[in-house]
Amino acid sequence: MIQKPVLLHGRGIRADSIKEFNEIQALKGQLGRFRMYKLWENFFA
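Per this note's numbering, residue 1 is the first one in the sequence shown, and the count goes up by one each step.
Since the hints were made in silico from the structure, they are not lab data.
It cannot be assumed that every hint is accurate.
Here are the simulated SDA-like cross-link-like pairs (lysine to any residue), alpha carbons at most 25 Å apart as the crow flies [unchecked claim]:
1) K38 to A26
2) K38 to L27
3) K19 to G29
4) K28 to K38
5) K28 to F43
6) K28 to N42
7) K19 to Q30
8) K38 to I24
9) K38 to D16
10) K19 to F34
11) K28 to E41
12) K19 to K38
13) K19 to R33
14) K19 to L39
15) K38 to S17
16) K28 to D16
17) K28 to L39
18) K28 to I18
19) K28 to A15
20) K28 to W40
21) K28 to S17
Derived CB-CB ranges, DEER-like [claimed, not checked]:
22) D16 to F44: 36 to 44 Å
23) A15 to F44: 40 to 48 Å
24) A15 to M36: 27 to 35 Å
25) F43 to F21: 38 to 46 Å
26) F43 to E23: 38 to 46 Å
Keep in mind it's a predicted model, so treat the numbers as computed, not measured.
Built from N, CA and C at the ideal position, the CB exists for glycine as well.
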């Protein structure tokens, strides 16, 4: 289950941390997608 950033506020995590976390997640998502394309290329090569 994905936790909403709102829930994290109650645990002393600043908005900056959440923004940074979201940016990291977005980057991971982009890299993950790129890696998947590469894997599929290798798989079908």
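How the hints compare with the structure:
Straight-line distance between C-alpha atoms of K38 and A26 comes to about 19 Å, which keeps the hinted pair within the 25 Å bound. Distance check on the hinted pair: K38 and L27 sit about 17 Å apart at the alpha-carbon level, within 25 Å; holds. For the suggested pair K19 and G29, the alpha carbons sit about 15 Å apart, so the restraint of at most 25 Å is met. With a C-alpha separation of about 15 Å, the suggested pairing of K28 with K38 holds against the 25 Å cut-off.
A hinted pair counts as satisfied when its Cα atoms are at most 25 Å apart, and K28 with F43 qualifies at roughly 22 Å. This hinted pair checks out: K28 and N42 have alpha carbons roughly 21 Å apart, not beyond 25 Å. Our distance criterion of 25 Å between C-alpha atoms is met by K19 and Q30, whose separation comes to about 17 Å. For the hint linking K38 to I24, the alpha-carbon distance of about 21 Å falls within 25 Å, and the restraint holds.
Under the criterion of a C-alpha separation no larger than 25 Å, the hint pairing K38 with D16 is inconsistent with the structure, at around 33 Å. In summary, the hint linking K19 to F34 is supported, as the alpha carbons are separated by about 23 Å, within the 25 Å threshold. A C-alpha spacing of about 20 Å is found between K28 and E41, which places the hinted pair at or below 25 Å, so the restraint holds. At most 25 Å may separate the alpha-carbon atoms for a hinted pair to count; K19 and K38 exceed this at roughly 29 Å.
At roughly 21 Å between alpha-carbon atoms, K19 and R33 fall within 25 Å of each other, so this suggested pair holds. The hinted pair formed by K19 and L39 fails the criterion: a straight-line CA distance of about 30 Å is larger than 25 Å. For the hint pairing K38 with S17, the CA-to-CA distance comes to about 31 Å; that exceeds 25 Å, so the pair is violated. Taking the CA atoms of K28 and D16, the gap is near 18 Å; set against the 25 Å cutoff, the hint holds.
Of the supplied pair hints, the one linking K28 and L39 holds, its CA atoms being roughly 16 Å apart against a limit of 25 Å. Proximity of K28 to I18 is assessed by CA-CA distance (about 15 Å); at most 25 Å being required, the pair is judged to hold. Restraint check: the Cα-Cα separation between K28 and A15 comes to about 20 Å, which is no more than 25 Å; the hinted pair holds. Restraint check for K28 and W40: satisfied, since their Cα atoms lie roughly 18 Å apart, inside the 25 Å limit.
This hinted pair checks out: K28 and S17 have alpha carbons roughly 16 Å apart, not beyond 25 Å. Under the hint 36 to 44 Å, the C-beta atoms of D16 and F44, about 43 Å apart, fit the expected range. About 44 Å separates the C-beta atoms of A15 and F44, a value consistent with the hinted range of 40 to 48 Å. At about 31 Å, the beta-carbon gap between A15 and M36 stays in the expected band of 27 to 35 Å.
For the pair F43 and F21, the beta carbons lie near 32 Å from each other, so the given range of 38 to 46 Å is not met. A C-beta distance of roughly 30 Å is found between F43 and E23, which places it outside the suggested range of 38 to 46 Å.
Hints 9, 12, 14, 15, 25 and 26, counting from the list given before, are not met by this structure.
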